[in-house]
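A.B. asks: For this one, chain A is given, so just place chain B on it according to the hints.
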Amino acid sequence: MAGLDHFSSSAPVNDKGPADDETEEISARNARNGVILFLMYVVVYSTYVGLNAFKPTVMDTVPLLGVNLAVLYGVGLIVLALVLALVYAWLCRSTRNGPSAADGQEQSR
Amino acid sequence: MIYDASPVAVGVFLLFVVITLALSFYFARKTKSAAGYFAAGGEIPWFVNGVAFAGDYLSAASFLGICGMIAFYGYDGFLYSIGYLAGWVVALLVIAEPLKRMGRFTFADALDSRFHSRGIKLSAAISTLVVSIFYLIPQMVGAGALIKPLLGFPHYAGVLLVGVVVVLIVVTAGMVSTTYVQFMKGSLLLIFTAVLVVMILYRGLHVDESPRASNEQTVTITASGEKLVNGLPQGTGEGQTDLRPVGHVSRLPDDMKETGPLGPIEFLSVLQKSEVVLWSSKTEHNEDGSSTTTYTPVPTSGADVLQPGTHPKSKFAGLRSDQSISKINWSKINFLSLMLALFCGTASLPHILIRYYTVKDQASARKSTIVGIGTIGFFYVLTLYLGLGAMTSGQLDITNSNMAAPLLAKSFNEWLFAIISAIAFTTVLGTVSGLIIAATGAVVHDLITSFFRVKLTDHEKVRVGKWAAGVVGVIAIILGILFEKMNVNFLVGWAFSVAASANLPSLVMLLFWKRTTKQGITAAIVVGMVSSLSWILLSGDTYSAVYGLPADQAFVPFSQPGIVTIPLGFIVLIVISLFTQRTGTAEVIAKAGQPVT
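From first to last, the protein sequence lines stand for chains A and B.
Here the first sequence is numbered in the numbering used here, starting from 2 and rising by one per residue.
Here the second sequence is numbered in the numbering used here, starting from 126 and rising by one per residue.
Treat the hints as calculated values from the structure; they're not laboratory data.
Quick caveat: nothing in here was measured; it's all calculated off a predicted structure.
One or more hints might be untrue.
Restraint-style ranges between C-beta atoms, simulated for each label pair [stated by the list, open to error]:
1) A/T58 to B/L607: 40 to 46 Å
2) B/T524 to A/E26: 57 to 63 Å
3) A/T58 to B/D379: 22 to 28 Å
4) B/L663 to A/T58: 30 to 36 Å
5) A/W91 to B/Y327: 33 to 39 Å
6) B/T343 to A/D61: 33 to 39 Å
7) B/D379 to A/V45: 32 to 38 Å
Even for Gly, the Cβ is constructed at its ideal location relative to N, Cα and C.
The shape of chain A in the complex, shown without the other chains (with noise of 0.2 Å):
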């Protein structure tokens, strides 16, 4: 089963490592992705360590729910990350070989 099943002890691992199914291109549009995705991840933490930091009281506002700003706002950064890094996988779910590699490859052109 992918992901669970261990790969035969037999198979070469050179001083390189395995082949690679992602050419440059593909890896140099991944790590663009990825910093654009890091980013809008900074701005929203920045503003919880910031507002925790200036303006603590902000945290103490019940907006929804019968929960406070913090703890909602401290649960949706865990919950976003998790969202960013499917979207991710999202984003980088062509390879060389794999079926949407045209399409991938065409786009970074």
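C.D. replies: Only chain B this time, still in chain A's reference frame:
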């Protein structure tokens, strides 16, 4: 009695140890080469690696430390959960794939992939060893803290036991056994934490009006070392007494006495409108040489419990102080510094970085990080419920915040206590084995074969690695015994600061700035490591916790160094790189066609 000797707990604990060792010996037969020993031959499936990330990362600090901090101080403990998880965004989106592409065994491989510099190898190896040792100390302290009440052994016995088991895990099959122990630990931790949270929600909240729940308690250590609890010798015999377990709700909304089962959101909203009894402590040194710590109940509104910076004893207490603009609020800067270190630290931890070499390619590195974020994020959300559940469980030990999670389980039943305690123990095993394998990789690959240029065969590398694991294990045992009194989560915060200051500037600049030179990388690692370590050793927290001196005599104004030393690492790298353009860039080295030292 808070702690009773539990045959069930001992049995489950021993079962976990036996399974762990059996797993290690099983994989030992399959691990012969250096690639197999140090990086599992790049053959670990991405899903297993992702859960192993959780097993590696969710250390005693996360499980015991954060739960204890939330139980004692409320929301402030949850700030650590948020910071620890946020760091994974850096790991996934910036570091994971390039690191996999450039390296083979250690993170120094990646840093040095363009330069072939002995200086980079040496500085990165020392940085790996320093961070690993810093991270090892709290794990070993956590092990001792756990074994003491669980099995009735002294602290040093717990540390020794963990040390021996971990060295056996690493010596038998290296990264393969370490990975599967971490996979097992990560899976069990998630499953049983989720079970515990469901039970907390099902039990709901109830008011405890008994006087024993709210009476002051004292602990006196006499000049001769005897421990008195509430004026009597500690024990269960005649004329002896023990600490009363604490932690309860003193008022519920609408004068309810109990809520019955609650949903996850409802639990938080009801708690917010309730009143909980927290505890403050004050220690006085008496003229006869004894010292008495008095624990006083402090009824606190649920709204305050769920806000940052409201508990006077918390590390973040200064967040809500209003000082004039002219006076710098060091507490706020300390907080910003810690949150920066947690954010930058994860992607700089050697034992996390080497896990990218255990999968076959970049796509697997990416997928396993996403699984890691999912599992670790889920766990950190649960820590909020674990901590608040422990806070209201009626089972807390006011003298030991690290035992909040196991004691929370004990408030339900003996079996759950036994399982959670055993999982906490495997938590330590999983993280410590990952740290030891990172340290041995640095010793064998970066120091012995790359820096000292000792030629070793594949078989010899494995043998030397096993000896190195033994030595690192012994060092960890000694430090775990020496640092018995230190707070577990607190020490991990320091490890993050050192890792982020020493390693992150080089990793990031190597990826994003073409003018980076080998001299710039070496200087950034050395300056980042030395400055952050020096800052920590001269800080108020170290003065009070390690040297026993007043914190206000400290040399530096706040304890967390990251806000100064992480930017310093970047500045040093940029300045030195600009001054060494003619000799140090990868292009110049490539044109010269010679190895650079």
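A.B. asks: State for each hint whether it applies.
C.D. replies: Hint by hint, here is what the structure shows:
{"no.": "1", "hint": "A/T58 to B/L607: 40 to 46 Å", "verdict": "42 Å, holds"}
{"no.": "2", "hint": "B/T524 to A/E26: 57 to 63 Å", "verdict": "60 Å, holds"}
{"no.": "3", "hint": "A/T58 to B/D379: 22 to 28 Å", "verdict": "26 Å, holds"}
{"no.": "4", "hint": "B/L663 to A/T58: 30 to 36 Å", "verdict": "33 Å, holds"}
{"no.": "5", "hint": "A/W91 to B/Y327: 33 to 39 Å", "verdict": "36 Å, holds"}
{"no.": "6", "hint": "B/T343 to A/D61: 33 to 39 Å", "verdict": "34 Å, holds"}
{"no.": "7", "hint": "B/D379 to A/V45: 32 to 38 Å", "verdict": "36 Å, holds"}
Consistency with the previously given hints is maintained throughout, with no hint failing.
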